[in-house]
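Undergrad: Chain by chain, the residues run as shown.
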Amino acid sequence: MTLLTPEIKSWIGQSEPPTTVEVSRRDIIKYAIATEQVRQAYLDGDEAPPMFAFGLFRPLVPLDALGPDGLAPMGPMPDLPLKRIMAGGTRMTIHRPICPGQTLVGTRSFADIFEKEGKQGHLIFLVNELRVTTEAGEPVMEEMQTRIAR
Amino acid sequence: MPKLNELQVGQPVPGRAYTPTNVSLFLYNAAIWNPHRIHYDEAYTTGVEQHPGVVIDGPLQGDWLAQVVTNWLGEDGALIEFEYSNRKASYLGQTLVSGGEIESVDPASGRVQLKLFVTDEAGDVTSPGSAVVRLD
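Protein sequence lines correspond, in order, to chains G and L. FYI, the numbering for the first sequence is 1 to 150, going by the numbering used here. FYI, the numbering for the second sequence is 151 to 286, going by the numbering used here.
Since the hints were derived computationally from the structure, they do not count as laboratory data. Heads up, some of the hints might be wrong.
Derived, one-sided and incomplete: chain L residues facing chain G with beta-carbon distance under 7 Å [what the hints assert, rightly or not]: (1) V204; (2) G208; (3) G212; (4) D213; (5) A216; (6) G227; (7) Y234.
DEER-style ranges, computed between Cβ atoms [unchecked claim]: (8) G:D64 x L:D274: 21 to 27 Å; (9) L:D226 x G:K9: 42 to 48 Å; (10) G:G118 x L:Q244: 30 to 36 Å; (11) L:Q244 x G:L82: 22 to 28 Å; (12) G:G118 x L:G197: 18 to 24 Å; (13) G:Q120 x L:K153: 41 to 47 Å; (14) L:W183 x G:F114: 35 to 41 Å; (15) L:T196 x G:G101: 39 to 45 Å; (16) L:N155 x G:E117: 46 to 52 Å; (17) G:E115 x L:K153: 43 to 49 Å; (18) L:N155 x G:P62: 23 to 29 Å; (19) L:R237 x G:P59: 39 to 45 Å; (20) L:T196 x G:P62: 26 to 32 Å; (21) L:G160 x G:E135: 39 to 45 Å.
Even glycine gets a Cβ: it sits at the ideal position worked out from N, Cα and C.
Just chain L, same shape as in the assembly (with noise of 0.2 Å):
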């Protein structure tokens, strides 16, 4: 659980990796019903849309920064802002790891400000991100 009068600007706040497969898109665009066939039609998505292959969707990325909160947070506090951009597209078979830091703290209100960040093999950032959590 995070303290607030511990946390420093700077400090790291841990992510993790994710290799999505054909099956845990498949299962996350069924689950958000998202029809859309760059997620999982190859021939459609190479030939008609000219991706390298099937595209990771920007949102599940989306999730992985927001897990990046809510691991750090637990029981103790709540995600109030939350925002992302979608830079780089990333491809099935990519490996890509989350993760973030501590931009401010204003202990007076407990509002602590992350910036988060999906990068890829690369290391290029494909989904930078912020948020503002209170600590309780």
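This is chain G alone, in the form it adopts within the complex (with noise of 0.2 Å):
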């Protein structure tokens, strides 16, 4: 049995136009505390740490455009079948650090959609891929965020 159709399937390779954002040393210290980091400059938020770059490019929607489960679509995303979102994991290619100051270009793309048959029945796996580099073109980090809908 296959729940992805044609039309999912067709979404894979669609891409957001790029997302600008200014990191603030205050966001950096949120994360910080919040994560229980232990490091001194990420603490100060001199440096951020290698896990801030997820929510630096969550989307920032009306609430009126958040979905029953509290969730705002991330990227170009075809309608499911399978309702319930969880994280999968991620894999990430990082070439700078994230510092308070900079200018970060983010653009996500819908990279693929496969799916198993987990213990507790059928999952469907979403990848997205983050590409993140500088004003002016730097590469920053490059990452494989997968999801799952169960």
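Both chains come to you apart, so use the hints to assemble them.
TA: Given below as structure tokens:
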């Protein structure tokens, strides 16, 4: 059985327009506190922990654009037959640290979708690619983020 | 600070225990701007999504894995590749423990590969991962 129709699969390769964000020291400090960092450079907001970028490019949409589970659509995404979303993991390559004052450009695309039979039933794996550069186009990081719908 | 010529394959890399609370999970999800209800709305999480409790974020466990690396590295190296998978869900009230070990060392390039893991109280690995660092 497949849940992935040709229409769903046709979304692979679609990208969102790039998003530009300014990195703030205060946001780094908030993240460092919430994740219980111990390195002083993170707690002082001089440099961001590697996973800080996970939140940096999450979508900012009005409240009425959030789904019944609270989630905003993240990147281009088809309507799926399975609705319960969980984090699946990530694979990232890091080129330079993220520091306060930087202006970064992130581009998200729908990289892949596939399905597996799990212990608790059918699972759909959604893979988003996030590419982050400086304003000048220097690479900062590339990430493949996986989410699981069940 | 790790010294390249003293590293041995299989050598453990220290991690630590984390016991997220309602408050710490709230602050984490606020910091990453994540409104997903499974991380704060217990009635919704157990009723609609049928989890046994409020879900500890997978990427938060990913961050703990990254901390194993960055705390070990200190100022003398860089994390250049990092990956993890969230394999088993964890719930508010659980204590999770991070850790790692050295998987390979390449003295020529200064590259060291680490195996990483978060384990739960049952001893199961909830989030396995790996990292490649470059020692200066």
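Undergrad: Against the structure shown, which of the earlier numbered hints fail to hold, in ascending order?
TA: 1, 6, 8, 10, 14, 18 and 19
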